[in-house]
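Participant: Listed below are the residues making up each chain.
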Amino acid sequence: MGERSSGSRRAREREAQPVRSDTTIHEWPEAGLVLTGGPADPPASVRVEGGRVVELDGRSEEEFDSVDRFIARHAIDPRVAEEAMALSPLELARRLFHPDVASSEVRRLFSGLTPARLVEVVAELDVLEMMLALRKMRLRNRVANQAHVTNLRDHPALLAADAAEAAVRGFAEVETTVGVAGMAPLNAVAVLIGSQAGRPGVLTQAAVEEGVNLRLAMKGLVSYAETLSVYGNEESFRDGDDTPWSKAFLASAYASRGVKVRFTSGSGSEVLLGHAHGHSMLYLEARCILVVKGAGSQGVQNGAISCIALPLSLPGGIRGVLAENLIAASVGLEVASGNDAMASHSEMRKTAKLMLQMLPGTDFVTSGYSVMPRRDNLFGGGNFDSNDLDAWTAVQRDLVVDGGITPVGEDEVRRVRQRAAAAVQAVWSEMGFPPIRDEEVDAAVDARDSGDLPERARSADVAAARGFLDSPATVLDLAGALARTGFAREAEALVALTRQRAAGDYLQPSGILVEDAGDLVAESAVSDPHLYSGPGTGYRVEGRRRRELESVPFAVDPRTLGRAGEAPEIFVEGGTARTGSATEVVVAVGPAFGGRLGRTLGGLSHREVVGAVLEGIREEGVAARVVRVRDTADCAFIGHEGARLSGSGVAVGIQSRGTAVIHRRDLAPLDNLELLSHAPNLTLDSYRTLGRNAACYALGRPAEPVPVRVDNMARLRHIVQSTLLHRVEVEAVTPGGPALDLVLRDARPSGTGSGSPPEAA
Amino acid sequence: MRYPLYRDARPRITLPSGRPIEEFSLENLEAGRLGAEDLGIHEQTLREQARIAEEAGFTALARNLDRAAELTRVPAAKILEIYEALRRGGRGAALEALAREIEETHGARLTAAFVREAAAAAPSTDPGGDSVAAPERGLP
Chain Y
1 MGERSSGSRR AREREAQPVR SDTTIHEWPE AGLVLTGGPA DPPASVRVEG GRVVELDGRS
61 EEEFDSVDRF IARHAIDPRV AEEAMALSPL ELARRLFHPD VASSEVRRLF SGLTPARLVE
121 VVAELDVLEM MLALRKMRLR NRVANQAHVT NLRDHPALLA ADAAEAAVRG FAEVETTVGV
181 AGMAPLNAVA VLIGSQAGRP GVLTQAAVEE GVNLRLAMKG LVSYAETLSV YGNEESFRDG
241 DDTPWSKAFL ASAYASRGVK VRFTSGSGSE VLLGHAHGHS MLYLEARCIL VVKGAGSQGV
301 QNGAISCIAL PLSLPGGIRG VLAENLIAAS VGLEVASGND AMASHSEMRK TAKLMLQMLP
361 GTDFVTSGYS VMPRRDNLFG GGNFDSNDLD AWTAVQRDLV VDGGITPVGE DEVRRVRQRA
421 AAAVQAVWSE MGFPPIRDEE VDAAVDARDS GDLPERARSA DVAAARGFLD SPATVLDLAG
481 ALARTGFARE AEALVALTRQ RAAGDYLQPS GILVEDAGDL VAESAVSDPH LYSGPGTGYR
541 VEGRRRRELE SVPFAVDPRT LGRAGEAPEI FVEGGTARTG SATEVVVAVG PAFGGRLGRT
601 LGGLSHREVV GAVLEGIREE GVAARVVRVR DTADCAFIGH EGARLSGSGV AVGIQSRGTA
661 VIHRRDLAPL DNLELLSHAP NLTLDSYRTL GRNAACYALG RPAEPVPVRV DNMARLRHIV
721 QSTLLHRVEV EAVTPGGPAL DLVLRDARPS GTGSGSPPEA A
Chain G
762 MRYPLYRDAR PRITLPSGRP IEEFSLENLE AGRLGAEDLG IHEQTLREQA RIAEEAGFTA
822 LARNLDRAAE LTRVPAAKIL EIYEALRRGG RGAALEALAR EIEETHGARL TAAFVREAAA
882 AAPSTDPGGD SVAAPERGLP
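In order, the protein sequence lines correspond to chains Y and G. Letter 266 of the first sequence, counting from 1, is numbered 266 in the numbering used here, and no numbers are missing. Every number in the numbering used here is 761 more than the matching position in the second sequence, counting from 1.
Worth flagging that the hints you see were computed from the coordinates, not collected in a lab. Cβ coordinates follow ideal geometry from the N, Cα and C atoms, glycine included. It cannot be assumed that every hint is accurate.
Quick look at which bits of chain Y chain G covers, simulated, 3 or more residues with Cβ under 8 Å [what the hints assert, rightly or not]:
no.	region
1	68-82
2	207-214
3	296-308
4	470-477
5	622-629
6	708-717
Pulled from the structure, derived: some chain G residues nowhere near chain Y, Cβ distances all over 10 Å [to be verified]:
no.	residue
7	771
8	823
9	833
10	849
11	853
12	854
13	855
14	857
15	862
16	864
17	865
18	868
Using the sequences plus the hints, can you model the full thing?
Facilitator: In structure tokens:
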């Protein structure tokens with residue numbers, strides 16, 4: 001077992017951290033609990049005879065199992081195999097990594113590699129090298145993303161609204177599934193209409209039983225299928241009641257109806273089924289990838305997918321999952337790179353994992369981003385959900401990296417949600433499905449999750465779904481219903497999407513649809529290949545896309561922050577301040593204090609702050625006067641200048657943002673008696689105590705320093721406002737200008753002292 | 762290479778019904794001039810896409826699209842029947858009968874060969890034993 005509580009409070013607190021809820025295990029290679037180097041993993045080998053692969057990874061043709069046979073027959077190019085296999089893993093790894101070797105050349109060579117060799121090759125790379133290689137090998141120029149749209153109640157208006165939101169946020173594909181199996185047809189319809197209301201051209205799919213899915217495909221209700229799982233050995237295939245041939249046949253069946261196909265694989269499934277037999281996860285996954293390729297699927301979603309927590313429990317798990325993505329890309333497959341199922345309790349770990357796909361950019365950075373809260377995610381997904389959207393877009397903006405999600409303002413989001421929900425309401429009515437009431441539409445627009453929606457009679461919905469599936473109705477009837485009910489734009493979008501099916505352009509590797517002069521056109525590895533050969537090449541976040549990613553809706557114009565506003569001038573300025581002789585404390589304020597600026601960072605009015613300091617000084621029976629230091633904005637120098645003028649040699653210096661110091665004439669300027677640097681945390685009491693202490697120092701009496709509250713987040717929260725306030729203070733500096741005497745104007749009744757923060761001034 | 766076909770070779774694209782793709786419009790839909798027979802993709806278009814994939818170096822995809830082109834002529838029920846037969850890992854007569862049927866009835870020569878290959882290559886162990894449900898990896 002792992003580390004047990006040592007008994008220290010720190011250790012107990014660490015144990016309570018989210019990462020400790022993850023299960024972390026040592027390797028157990030014999031059981032298949034190992035990423036690479038399983039005891040049964042064969043040495044890489046190939047032999048070609050008469051244009052046929054007759055030996056694969058140490059096994060001769062007679063010893064092949066069905067997976068070997070499929071790979072040998074369909075996934076390895078016998079014309080390249082001997083050339084490629086003659087190269088050492090290290091040499092192949094270098095070519096995979098090096099920007100000067102074109103991705104097409106890597107794909108050519110790698111089409112001759114066996115599963116065991118593919119694993120040996122990626123094992124030569126560390127994660128950073130793998131990321132660079134993955135960037136180079138990505139098929140499509142544009143980075144995209146895929147969304148999950150589901151809800152616990154299979155509510156059509158909410159499905160439509162969420163699909164529209166996914167579309168307007170830039171997701172190129174939206175997948176749904178069902179809470180109740182019988183709802184599949186209507187869920188597919190809701191997501192189809194909703195997505196096109198958000199942005200025409202989004203591809204949609206319903207992850208349901210293959211027979212139903214094919215019927216949905218033939219009705220034109222889904223544009224892609226991703227339900228085809230493959231495994232790295234025969235036993236695992238058999239548990240799923242399938243063979244590589246049956247899956248390949250299904251792929252052709254979908255394509256025959258104009259439907260894009262992406263297979264599913266990923267580390268960990270075989271060991272989970274109890275069939276690892278001492279093979280490592282990555283070796284078995286490499287076999288899956290070659291089955292996918294051999295079946296003629298244009299792509300794969302891998303990266304452990306729903307098994308993700310299993311590789312993550314092991315050493316090198318996240319690296320191994322990246323290696324899967326890389327192998328798939330290097331053999332020419334579109335990659336939807338996981339990051340969909342819950343990977344960890346720890347946000348840090350989840351983010352660390354995400355970076356390995358987000359930074360290189362993959363064809364689909366996630367295999368399903370939960371656009372709605374994860375409680376409604378019927379895939380058991382939601383590794384990242386609606387609550388993470390702003391953080392995701394912030395990270396894109398920080399790193400100037402495209403993770404495939406476009407920042408959108410709430411007004412736009414609500415507009416498309418409304419449109420989508422109203423469109424399905426109209427279609428439901430036209431098609432004679434159980435009506436969607438206005439309050440359901442309204443609730444769908446503003447819902448957090450399906451719990452906010454009125455109940456529907458499930459049985460009636462399921463019956464309607466069944467009737468629709470069995471009827472001759474198709475996507476054309478839906479488009480017609482939209483056109484008749486005032487949703488011409490959505491009708492046109494459905495027609496355009498279905499027209500693309502006849503062209504079949506998005507069947508090419510990594511195909512997606514994008515808007516093009518009022519119509520749609522496909523982008524894929526054929527029309528828009530990613531061509532990376534080092535700095536200055538490949539996909540760059542620039543131009544319009546860069547501005548789009550920078551424009552997160554929660555960004556504000558700094559020019560509107562930290563304005564002085566109508567801060568009243570609180571002082572009357574007198575003449576040049578002279579050096580005093582009495583036992584006094586000088587209160588020296590910064591150049592903008594009580595003038596161009598009116599409040600501290602903590603939102604206290606300058607009048608109240610200076611009033612509190614004066615009050616404190618006078619409570620100790622010491623005289624006080626106020627001066628404005630004009631030739632510096634620095635707190636230490638303001639205080640020191642005050643101390644130079646003070647009869648006692650003691651002064652309080654206050655910057656406009658509220659930072660305050662007690663200074664004494666004989667100290668070095670950057671030294672001090674007390675410094676209150678956490679301006680946002682200071683209260684009027686702090687300033688009063690500061691005044692009292694200054695008076696004590698002036699009298700030569702001991703004083704208890706003002707208690708300082710540590711708030712580590714204060715700088716984080718206030719650094720921008722602080723910068724903007726200080727900018728005004730610096731602008732107010734009069735170089736060489738002597739300090740001036742100040743007299744407080746008559747105080748009008750003032751606020752409570754906990755006034756609004758400066759940006760609201 | 763003329764690709765995307767929709768951009769570079771639109772006049773060559775026909776609907777499954779044989780009509781030009783341009784006729785797939787909202788206007789025609791509203792006028793009742795589109796039907797289920799216009800939905801999907803034409804065999805010839807799939808073959809063109811197969812050649813495009815081949816030329817771009819995606820040969821396995823090209824073979825898949827060539828099989829798909831044949832399957833455009835095969836009814837859905839037959840497709841599901843073949844799939845069910847293949848997934849049982851069946852050998853012998855049943856698959857051979859299906860292969861012959863789609864070859865003779867639908868001219869699906871490549872697919873028939875593929876089905877025969879599957880029959881010959883299927884795992885020899887009894888597929889009828891106790892099976893554990895596969896993890897729902899297809900539904901992520």
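Participant: When you look at the beta carbon of residue 849 (chain G), is every beta carbon of chain Y farther off than 10 Å?
Facilitator: violated, 7 Å
Participant: State whether the coverage of the region 207-214 of chain Y by chain G holds or is violated, taking the criterion as 3 or more residues with Cβ-Cβ distances under 8 Å.
Facilitator: holds (count 4)
Participant: Would the least Cβ to Cβ distance between residue 862 (chain G) and chain Y come out above 10 Å?
Facilitator: holds, 14 Å
Participant: So is the region 68-82 of chain Y in contact with chain G by the C-beta rule, three or more residues under 8 Å, or is the coverage claim wrong?
Facilitator: holds (count 6)
Participant: Taking 8 Å as the Cβ threshold, is the statement that the region 708-717 of chain Y is covered by chain G upheld or broken by the three-residue rule?
Facilitator: Coverage by chain G is violated for the region 708-717 of chain Y (0 residues, Cβ < 8 Å).
Participant: Counting residues of the region 622-629 of chain Y whose CB is closer than 8 Å to a CB in chain G, do you get three or more?
Facilitator: violated (count 0)
Participant: Given as covered by chain G, does the region 470-477 of chain Y meet the bar of three residues or more with CB within less than 8 Å?
Facilitator: Answer holds; 4 residues pass the 8 Å Cβ test.
Participant: Are all C-beta atoms of chain Y more than 10 Å from that of residue 771 (chain G)?
Facilitator: violated, 8 Å
Participant: Per the stated criterion, does the least C-beta distance between residue 854 (chain G) and chain Y lie above 10 Å, as a non-interface residue requires?
Facilitator: Non-interface label on residue 854 (chain G) holds, nearest chain Y Cβ at 17 Å vs cutoff 10 Å.
Participant: For residue 853 (chain G), is the shortest beta carbon distance to chain Y beyond 10 Å?
Facilitator: Given a closest Cβ separation of 14 Å, the condition holds.
Participant: With 10 Å as the threshold, tell me whether residue 865 (chain G) passes as away from chain Y on beta-carbon distances.
Facilitator: holds, 18 Å
Participant: Per the stated criterion, does the least C-beta distance between residue 823 (chain G) and chain Y lie above 10 Å, as a non-interface residue requires?
Facilitator: violated, 8 Å
Hints 5, 6, 7, 8, 9 and 10, counting from the list given before, are not met by this structure.
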